[in-house]
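Colleague: Sequence:
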Amino acid sequence: MDEQPPLGRATPPLRNTSAILVRITARLALRHRRAFSQATVARYVEECATLLTGRARAVQHLPVLVERFADERLRGLARARGLSGDSPPAVLFVCTENAGRSQLAGALLRRRSLGAVMVMTAGSGPAADVSPVVVRLLAEQGLDTGEDFPKPLTTEVVDAADLVITLGCADACPVRPGRRYLNWDLPDLSGLDIESARAVRNSLQTRIDRLFTELAAPSPFCA
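Here the sequence shown stands for residues 1 to 223, where the numbers follow full-length UniProt numbering.
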(Lines of atoms letter the chains of each structure in order from A; the text may use other names.)
(Lines give C-alpha, C1' and ligand atoms only; values in the text may rest on other atoms or scores of the structure.)
Protein backbone atom coordinates (compact mmCIF):
# COMPACT_ATOMS: atom_id res chain seq x y z
CA MET A 1 0.00 0.00 0.00
CA ASP A 2 2.96 2.31 0.42
CA GLU A 3 3.85 2.15 -3.27
CA GLN A 4 1.13 3.34 -5.63
CA PRO A 5 0.86 1.74 -9.08
CA PRO A 6 1.45 3.78 -12.21
CA LEU A 7 -1.68 5.54 -13.38
CA GLY A 8 -1.52 5.51 -17.17
CA ARG A 9 0.36 7.77 -19.55
CA ALA A 10 1.74 11.02 -18.20
CA THR A 11 -0.30 14.19 -18.55
CA PRO A 12 0.89 17.75 -18.02
CA PRO A 13 0.89 18.96 -14.41
CA LEU A 14 -1.92 21.20 -13.26
CA ARG A 15 -1.41 24.86 -14.01
CA ASN A 16 -1.57 27.23 -11.03
CA THR A 17 -1.51 24.16 -8.82
CA SER A 18 -1.25 26.03 -5.53
CA ALA A 19 -4.29 28.22 -6.13
CA ILE A 20 -6.40 25.28 -7.33
CA LEU A 21 -5.46 23.08 -4.39
CA VAL A 22 -6.11 25.89 -1.92
CA ARG A 23 -9.64 26.26 -3.25
CA ILE A 24 -10.25 22.52 -3.14
CA THR A 25 -8.85 22.35 0.40
CA ALA A 26 -11.11 25.19 1.56
CA ARG A 27 -14.22 23.45 0.26
CA LEU A 28 -13.31 20.07 1.71
CA ALA A 29 -12.17 21.54 5.02
CA LEU A 30 -15.61 23.13 5.41
CA ARG A 31 -17.33 19.86 4.48
CA HIS A 32 -15.23 17.79 6.89
CA ARG A 33 -14.76 20.41 9.60
CA ARG A 34 -16.23 18.19 12.34
CA ALA A 35 -13.71 15.42 11.72
CA PHE A 36 -10.45 16.90 10.42
CA SER A 37 -8.27 19.97 10.65
CA GLN A 38 -7.54 22.05 7.57
CA ALA A 39 -3.93 20.82 7.67
CA THR A 40 -5.09 17.19 7.43
CA VAL A 41 -7.41 18.02 4.55
CA ALA A 42 -4.63 19.91 2.76
CA ARG A 43 -2.30 16.92 3.09
CA TYR A 44 -4.86 14.60 1.53
CA VAL A 45 -5.62 17.03 -1.28
CA GLU A 46 -1.94 17.37 -2.14
CA GLU A 47 -1.41 13.61 -2.06
CA CYS A 48 -4.44 12.98 -4.28
CA ALA A 49 -3.22 15.59 -6.75
CA THR A 50 0.14 13.83 -6.92
CA LEU A 51 -1.49 10.44 -7.49
CA LEU A 52 -3.85 11.66 -10.21
CA THR A 53 -1.68 14.12 -12.13
CA GLY A 54 -0.12 11.27 -14.11
CA ARG A 55 -3.47 10.08 -15.44
CA ALA A 56 -4.16 10.11 -19.20
CA ARG A 57 -7.17 12.42 -18.98
CA ALA A 58 -7.70 15.97 -20.13
CA VAL A 59 -5.80 18.17 -17.70
CA GLN A 60 -8.79 20.47 -17.21
CA HIS A 61 -10.68 17.59 -15.55
CA LEU A 62 -8.01 16.91 -12.95
CA PRO A 63 -9.16 19.41 -10.30
CA VAL A 64 -12.61 17.78 -10.24
CA LEU A 65 -11.09 14.31 -9.93
CA VAL A 66 -8.69 15.43 -7.21
CA GLU A 67 -11.56 16.86 -5.17
CA ARG A 68 -13.69 13.73 -5.56
CA PHE A 69 -10.79 11.42 -4.71
CA ALA A 70 -9.78 13.42 -1.63
CA ASP A 71 -13.39 13.65 -0.48
CA GLU A 72 -13.85 9.88 -0.72
CA ARG A 73 -10.64 9.19 1.16
CA LEU A 74 -11.57 11.66 3.93
CA ARG A 75 -15.06 10.17 4.23
CA GLY A 76 -13.49 6.74 4.45
CA LEU A 77 -11.01 7.87 7.10
CA ALA A 78 -13.78 9.51 9.15
CA ARG A 79 -15.87 6.36 8.98
CA ALA A 80 -12.96 4.09 9.91
CA ARG A 81 -12.19 6.29 12.94
CA GLY A 82 -15.82 6.45 14.06
CA LEU A 83 -16.03 10.19 13.37
CA SER A 84 -18.94 10.15 10.95
CA GLY A 85 -21.73 9.11 13.32
CA ASP A 86 -24.28 6.57 12.21
CA SER A 87 -23.63 5.46 8.66
CA PRO A 88 -24.94 2.73 6.36
CA PRO A 89 -22.98 -0.44 5.68
CA ALA A 90 -20.04 0.17 3.36
CA VAL A 91 -19.06 -2.06 0.45
CA LEU A 92 -15.82 -1.74 -1.52
CA PHE A 93 -15.47 -3.32 -4.97
CA VAL A 94 -11.89 -3.89 -6.14
CA CYS A 95 -10.58 -5.06 -9.51
CA THR A 96 -7.26 -4.49 -11.20
CA GLU A 97 -8.02 -1.44 -13.36
CA ASN A 98 -11.17 -0.16 -11.59
CA ALA A 99 -12.52 0.33 -15.11
CA GLY A 100 -14.63 -2.76 -15.69
CA ARG A 101 -16.23 -5.20 -13.26
CA SER A 102 -15.80 -3.07 -10.12
CA GLN A 103 -17.36 -0.04 -11.81
CA LEU A 104 -20.23 -2.16 -13.11
CA ALA A 105 -20.85 -3.69 -9.70
CA GLY A 106 -20.67 -0.31 -7.98
CA ALA A 107 -23.24 1.26 -10.28
CA LEU A 108 -25.61 -1.70 -9.93
CA LEU A 109 -25.42 -1.64 -6.12
CA ARG A 110 -25.96 2.12 -6.01
CA ARG A 111 -29.15 1.70 -7.99
CA ARG A 112 -30.30 -1.25 -5.92
CA SER A 113 -29.58 0.33 -2.54
CA LEU A 114 -30.79 3.90 -3.25
CA GLY A 115 -28.34 5.32 -0.71
CA ALA A 116 -28.84 2.61 1.91
CA VAL A 117 -25.29 1.33 1.26
CA MET A 118 -22.06 3.32 1.01
CA VAL A 119 -20.53 2.08 -2.27
CA MET A 120 -16.84 2.51 -3.09
CA THR A 121 -14.63 1.19 -5.88
CA ALA A 122 -10.88 1.08 -6.43
CA GLY A 123 -8.18 -0.64 -8.49
CA SER A 124 -4.81 -2.19 -7.75
CA GLY A 125 -3.54 -0.73 -11.05
CA PRO A 126 -6.18 1.76 -12.20
CA ALA A 127 -6.76 2.55 -15.85
CA ALA A 128 -7.13 5.99 -17.37
CA ASP A 129 -10.90 5.81 -17.76
CA VAL A 130 -13.94 3.58 -17.40
CA SER A 131 -14.10 0.89 -20.08
CA PRO A 132 -16.38 1.76 -23.02
CA VAL A 133 -18.10 -1.61 -22.69
CA VAL A 134 -19.07 -0.74 -19.11
CA VAL A 135 -20.47 2.59 -20.28
CA ARG A 136 -22.54 0.69 -22.86
CA LEU A 137 -23.70 -2.01 -20.45
CA LEU A 138 -24.83 0.59 -17.93
CA ALA A 139 -26.49 2.78 -20.56
CA GLU A 140 -28.59 -0.21 -21.61
CA GLN A 141 -29.94 -0.19 -18.04
CA GLY A 142 -30.41 3.57 -17.94
CA LEU A 143 -27.38 3.93 -15.68
CA ASP A 144 -23.91 5.45 -15.62
CA THR A 145 -21.01 5.51 -13.16
CA GLY A 146 -22.06 8.86 -11.74
CA GLU A 147 -19.08 10.64 -10.23
CA ASP A 148 -17.00 7.49 -9.91
CA PHE A 149 -13.81 7.03 -11.94
CA PRO A 150 -10.78 4.68 -11.89
CA LYS A 151 -8.61 5.39 -8.87
CA PRO A 152 -5.97 3.62 -6.82
CA LEU A 153 -6.70 1.41 -3.85
CA THR A 154 -5.89 3.22 -0.60
CA THR A 155 -5.90 2.22 3.04
CA GLU A 156 -8.71 4.65 3.88
CA VAL A 157 -11.33 2.97 1.69
CA VAL A 158 -10.29 -0.51 2.82
CA ASP A 159 -10.48 0.53 6.47
CA ALA A 160 -13.88 2.16 5.88
CA ALA A 161 -15.42 -0.94 4.29
CA ASP A 162 -17.46 -3.52 6.16
CA LEU A 163 -17.32 -5.78 3.14
CA VAL A 164 -14.59 -5.92 0.47
CA ILE A 165 -15.48 -7.70 -2.76
CA THR A 166 -12.62 -8.47 -5.12
CA LEU A 167 -13.13 -9.24 -8.79
CA GLY A 168 -9.89 -10.65 -10.12
CA CYS A 169 -7.30 -9.09 -7.79
CA ALA A 170 -7.71 -10.83 -4.45
CA ASP A 171 -3.97 -10.91 -3.71
CA ALA A 172 -3.60 -7.16 -4.25
CA CYS A 173 -6.12 -6.13 -1.61
CA PRO A 174 -4.77 -5.79 1.94
CA VAL A 175 -6.55 -7.79 4.62
CA ARG A 176 -7.77 -5.77 7.59
CA PRO A 177 -9.18 -7.30 10.81
CA GLY A 178 -12.92 -7.00 11.27
CA ARG A 179 -13.79 -6.91 7.58
CA ARG A 180 -15.51 -9.51 5.52
CA TYR A 181 -13.95 -10.44 2.18
CA LEU A 182 -15.56 -12.07 -0.84
CA ASN A 183 -14.10 -12.89 -4.24
CA TRP A 184 -16.54 -12.87 -7.13
CA ASP A 185 -14.91 -14.95 -9.84
CA LEU A 186 -16.34 -13.40 -13.02
CA PRO A 187 -14.64 -13.05 -16.42
CA ASP A 188 -12.74 -9.89 -17.26
CA LEU A 189 -14.86 -7.79 -19.62
CA SER A 190 -11.86 -6.97 -21.79
CA GLY A 191 -12.06 -8.81 -25.10
CA LEU A 192 -15.54 -10.25 -24.54
CA ASP A 193 -18.18 -9.92 -27.22
CA ILE A 194 -21.18 -7.84 -26.18
CA GLU A 195 -23.44 -10.83 -25.46
CA SER A 196 -20.83 -12.36 -23.17
CA ALA A 197 -20.35 -8.98 -21.47
CA ARG A 198 -24.10 -8.74 -20.92
CA ALA A 199 -24.02 -12.20 -19.33
CA VAL A 200 -21.38 -10.93 -16.87
CA ARG A 201 -23.54 -7.89 -16.09
CA ASN A 202 -26.59 -10.09 -15.50
CA SER A 203 -24.61 -12.38 -13.22
CA LEU A 204 -23.40 -9.35 -11.30
CA GLN A 205 -26.97 -8.10 -10.98
CA THR A 206 -28.05 -11.42 -9.47
CA ARG A 207 -25.20 -11.26 -6.96
CA ILE A 208 -25.96 -7.62 -6.17
CA ASP A 209 -29.62 -8.40 -5.51
CA ARG A 210 -28.64 -11.23 -3.17
CA LEU A 211 -26.05 -9.04 -1.45
CA PHE A 212 -28.48 -6.20 -0.87
CA THR A 213 -31.02 -8.57 0.65
CA GLU A 214 -28.31 -9.69 3.05
CA LEU A 215 -27.20 -6.13 3.84
CA ALA A 216 -30.80 -5.11 4.54
CA ALA A 217 -31.19 -7.89 7.10
CA PRO A 218 -30.85 -7.03 10.84
CA SER A 219 -27.38 -8.66 11.11
CA PRO A 220 -25.84 -8.22 7.62
CA PHE A 221 -22.38 -9.57 8.38
CA CYS A 222 -23.20 -12.67 10.36
CA ALA A 223 -21.84 -15.89 8.90
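Hints in this document: simulated from the structure, not taken from any laboratory. Computed from a predicted model, the values in this text were never measured in an experiment. Errors might be hidden in some of the hints.
Unchecked claim - Restraint-style ranges between C-beta atoms, simulated for each label pair:
1. Val-22 to Ala-199: 41 to 51 Å
2. Thr-213 to Asp-188: 38 to 48 Å
3. Leu-30 to Gly-191: 38 to 48 Å
4. Arg-176 to Arg-34: 16 to 26 Å
5. Gly-85 to Gly-178: 43 to 53 Å
6. Leu-182 to Pro-88: 15 to 25 Å
7. Arg-176 to Arg-43: 17 to 27 Å
For every residue, glycine included, the Cβ atom is placed at its ideal position computed from N, Cα and C.
Colleague: Now tell me, hint by hint, if it's right for this structure.
Modeller: Evaluated hints:
1. Val-22 to Ala-199: 41 to 51 Å: holds, 48 Å
2. Thr-213 to Asp-188: 38 to 48 Å: violated, 27 Å
3. Leu-30 to Gly-191: 38 to 48 Å: Holds - the Cβ-Cβ distance for Leu-30 and Gly-191, about 45 Å, lies within 38 to 48 Å.
4. Arg-176 to Arg-34: 16 to 26 Å: Given a distance of about 24 Å, which is inside 16 to 26 Å, the answer is holds.
5. Gly-85 to Gly-178: 43 to 53 Å: Because 19 Å falls outside the window, the suggested range is violated.
6. Leu-182 to Pro-88: 15 to 25 Å: holds, 18 Å
7. Arg-176 to Arg-43: 17 to 27 Å: holds, 22 Å
In this structure, the earlier hints numbered 2 and 5 are contradicted, and the remaining ones agree with it.
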